[in-house]
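Q: What follows is each chain in one-letter form.
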Amino acid sequence: MDLFEYQGKQYFARYDIPVSPGGVAYTVDEAVTVAASAGYPVVIKAQVQVGGRGKAGGIKLAENADEVRLHATNIIGMDIKGHVVKRVWVEHASDIAEEYYASFTLDRAAKKHLLMLSAQGGVEIEVVAESNPEAIVLHHIDPVDGLTLDQARAVATEAKINPIAIEGAADMLVKLYGCFTRGDCDLAEINPLILRPDGGVHALDAKVSLDNNAAFRHPEWDEYRATEELDDREQLARSHDLQYIGLDGTVGIIANGAGLAMSTLDVVNQVGGSAANFLDIGGGANADMMAAALEVINFDQNVKSIFINIFGGITRGEEVAKGIVEALGRVDLRAPIVIRLDGTNAELGREILANAGIPESTLISMPTMLEAARAAVAIANASTTENGN
Amino acid sequence: MAIFVNADTKVIVQGLTGGQGKYHGLRNQAYGTQVVGGVTPGKGGTTVDIPEGGSIPVFNTVAEAVAATGATASFIAVPPKAASAAILEAAAAGIAFIVCITEGIPAQDEAKVFNTLVRNYPHTRLLGPNCPGIISPGKCNIGITAGEIAHVPSAAGPNVGIVSRSGTLTYQALYELRQRGIGVSTCVGIGGDPVPGTNFIDCLREFQADPETHAIMMIGEIGGSAEEEAAAFIKEHVTKPMSAYIAGVTAPEGKKMGHAGAIVSGGKGTAQGKMDALRSAGVRIGLNPTEASDLMAEIVAAL
Chain A
1 MDLFEYQGKQ YFARYDIPVS PGGVAYTVDE AVTVAASAGY PVVIKAQVQV
51 GGRGKAGGIK LAENADEVRL HATNIIGMDI KGHVVKRVWV EHASDIAEEY
101 YASFTLDRAA KKHLLMLSAQ GGVEIEVVAE SNPEAIVLHH IDPVDGLTLD
151 QARAVATEAK INPIAIEGAA DMLVKLYGCF TRGDCDLAEI NPLILRPDGG
201 VHALDAKVSL DNNAAFRHPE WDEYRATEEL DDREQLARSH DLQYIGLDGT
251 VGIIANGAGL AMSTLDVVNQ VGGSAANFLD IGGGANADMM AAALEVINFD
301 QNVKSIFINI FGGITRGEEV AKGIVEALGR VDLRAPIVIR LDGTNAELGR
351 EILANAGIPE STLISMPTML EAARAAVAIA NASTTENGN
Chain B
1 MAIFVNADTK VIVQGLTGGQ GKYHGLRNQA YGTQVVGGVT PGKGGTTVDI
51 PEGGSIPVFN TVAEAVAATG ATASFIAVPP KAASAAILEA AAAGIAFIVC
101 ITEGIPAQDE AKVFNTLVRN YPHTRLLGPN CPGIISPGKC NIGITAGEIA
151 HVPSAAGPNV GIVSRSGTLT YQALYELRQR GIGVSTCVGI GGDPVPGTNF
201 IDCLREFQAD PETHAIMMIG EIGGSAEEEA AAFIKEHVTK PMSAYIAGVT
251 APEGKKMGHA GAIVSGGKGT AQGKMDALRS AGVRIGLNPT EASDLMAEIV
301 AAL
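Residue numbers (this note's numbering), protein chains in the order written: chain A, 1 to 389; chain B, 1 to 303.
Just to be clear, a hint being listed does not mean it is correct.
[As the list claims (entries may be wrong)] No farther apart than 27 Å at their CA atoms in a straight line, the calculated lysine-lysine pairs in the DSSO-like style are these:
1. B:Lys235 <-> A:Lys175
2. A:Lys112 <-> B:Lys10
3. A:Lys55 <-> A:Lys81
4. A:Lys111 <-> B:Lys81
[To be verified] Far from chain A by the CB rule (all over 10 Å, computed), these chain B residues:
5. Thr17
6. Thr40
7. Pro41
8. Asp49
9. Asn60
10. Pro80
11. Glu103
12. Asn115
13. Arg119
14. Arg165
15. Val249
16. Pro289
17. Leu295
Honestly, the hints are just simulated from the structure, not real lab data.
Since we're looking at a predicted model, the values are computed, not measured.
A virtual CB, placed ideally from N, CA and C, is assigned to each residue, including glycine.
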């Protein structure tokens, strides 16, 4: 789960990482109130999870309440690359002497934590990596040992951080590492991490991505979850605990396992169709989840056929079949189902489907993944042509 | 021969009295795997009945189970909160091969467990977490694979070794080969999590050395760089013929496709890049699991 900048800053604050004084505002009046307590001049920043907001006019400096009103009025409700700005972050404008970059991630190849530090912050780090790779210091950390202040100091020195900022930067790095590990982040990034003329350092931006698998030990994440921007289909899927991603094709996809689901997308594409979604019902899905998955797919008006591709391991064929029968009794499906069912108890499942008295116009069973894909695509394409789309 | 597990492998199930552990542990036992014990803290001294007759003893700790049964492998089927501790307990008790099917372990825990194993228990191999397990058809099945979809290897060969990052695609590969009558020496599902205990290269090295394996089929997916690293290894060290399939050719960039692993970002970890790397290492690439299996059938026919 990716956090908005203001949430990232609030999360940083939990781990004692210094950020500019400020607050979030949903209305112009709130922005004026926050600005007064943050202290003028202030910066008003659009809160969207997309790059390029500065260029789009989503970041403005304000010297007084009138300017806050003017800019907040413009920014709230603004559309930035398809993202509507619902809130702004208003913070005290900092004097900047220098800008650095710092981040922690997991290096999957090395199987260690990776600290990246650069004295060239404030620009996209990918650009620095491309044009001036030696300006980025990479430091691997064994997760068992963690990061000490001495190591952080050495990395800061190696990165040629201004000597007066070394102590502050090292302290920040240790705190950011604490946020990354104890805070269960996939990514904790500060760009820019600034040095002020008074010699202090703090985080001027915050990019935080949380590991959803760790949600069970972070009740404080609930409020972040509430602000995630999902479309209606994704919202419905979330409430049923299904891994769903909306796409824009016409073949609805339900598969068990992320790999098989991706493979199903590939095969549908190869036989001339397009997938309406990615939906992984996961391992051990039961009848109830299958019924819910069909409801989610059914919500999508573009769906012209539904391809259910199941290879049972933990998932049992009879549960899948029961779910389909249940769903057919519960919802009026907008499109016919093509199913391919194999693996654990598949025969039992096929038997349940065959004996449920479902007409062939509603459900067709196919022996292989390829044949099922062809059938589903044929139905979808025929239906699209009929409707003149 | 086979890799990692064979007919002599004695297995305990951590979580044998739980829903998943019992269901799959008993299925593994019914397949012919030597499931010699279970571990559930607080339930030591009880037994789990085998439907066909007999029972499996349950112990309070892995150490007790190992002492009583001589087990060298463990199948971990416990919830995410308990999985890290279960893995480390098995390693500390001297288990050499751990299969953990648990899905949803936090990445921070996984990284810590992996590095603890490397440092303190170098002789323990972890398969998973979040993987379907391993099957050496006709000999041993640990995990959630339906044993009947795997074709038993023939003494004369040729037989194929399978290594896969995706659970269900592992079954798909086994099934496709069975339909073509091709025997499988061992099929390893390494799982799609960010820090897998066993990676492609670990399996490729073993398959290359295994006299019962004559060709290798590999199933990868988008995200990360494991397939690219495998390609570099294949170029240098693998002489047995290979086919491969990479899932996610049509996946949109920047979207997380269920697995922590399956995400394409900034043009890195794309299916195309992975296929190119494998192709340049001499691996034949299928654009879907069926095509990769057809290619494997051609390879086997030519052996």
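Q: Look at each hint and say if it fits the structure.
A: Here is what the structure says about each hint:
1. In summary, the hint linking Lys235 (chain B) to Lys175 (chain A) is not supported, as the alpha carbons are separated by about 43 Å, beyond the 27 Å threshold.
2. The hinted pair formed by Lys112 (chain A) and Lys10 (chain B) fails the criterion: a straight-line CA distance of about 32 Å is larger than 27 Å.
3. Taking the CA atoms of Lys55 (chain A) and Lys81 (chain A), the gap is near 11 Å; set against the 27 Å cutoff, the hint holds.
4. A hinted pair counts as satisfied when its Cα atoms are at most 27 Å apart, and Lys111 (chain A) with Lys81 (chain B) qualifies at roughly 21 Å.
5. At roughly 17 Å from the closest C-beta of chain A, the C-beta of Thr17 (chain B) stays outside 10 Å, upholding its exclusion from the interface.
6. Under the 10 Å C-beta cut-off, the non-interface status given to Thr40 (chain B) relative to chain A holds; the minimum distance is some 19 Å.
7. No beta-carbon of chain A is positioned within 10 Å of the beta-carbon of Pro41 (chain B); the least distance is around 20 Å.
8. Distance to chain A confirms Asp49 (chain B) as a non-interface residue, since its nearest Cβ pair spans about 21 Å, more than 10 Å.
9. Every C-beta of chain A lies more than 10 Å from that of Asn60 (chain B), the closest at about 25 Å, which supports listing it as non-interface.
10. Distance check on Pro80 (chain B): its Cβ comes as close as 7 Å (rounded) to a Cβ of chain A, failing to clear the 10 Å threshold; non-interface status is violated.
11. Not every Cβ of chain A is farther than 10 Å from the Cβ of Glu103 (chain B); the closest lies at roughly 6 Å, contradicting the non-interface assignment.
12. At roughly 5 Å from the closest C-beta of chain A, the C-beta of Asn115 (chain B) falls inside 10 Å, breaking its exclusion from the interface.
13. Here Arg119 (chain B) does not stay apart from chain A, with its beta-carbon only about 7 Å from theirs, under the 10 Å limit.
14. Distance check for Arg165 (chain B) against chain A: the nearest CB is about 7 Å away, which does not clear 10 Å, and the non-interface claim fails.
15. Its closest Cβ contact with chain A, about 5 Å, brings Val249 (chain B) to no more than 10 Å, contrary to its assignment away from the interface.
16. Not every C-beta of chain A lies more than 10 Å from that of Pro289 (chain B), the closest at about 6 Å, which undercuts listing it as non-interface.
17. In this structure Leu295 (chain B) is separated from chain A by more than 10 Å, as the shortest Cβ-Cβ distance comes to about 15 Å.
Hints 1, 2, 10, 11, 12, 13, 14, 15, 16, counting from the list given before, are not met by this structure.
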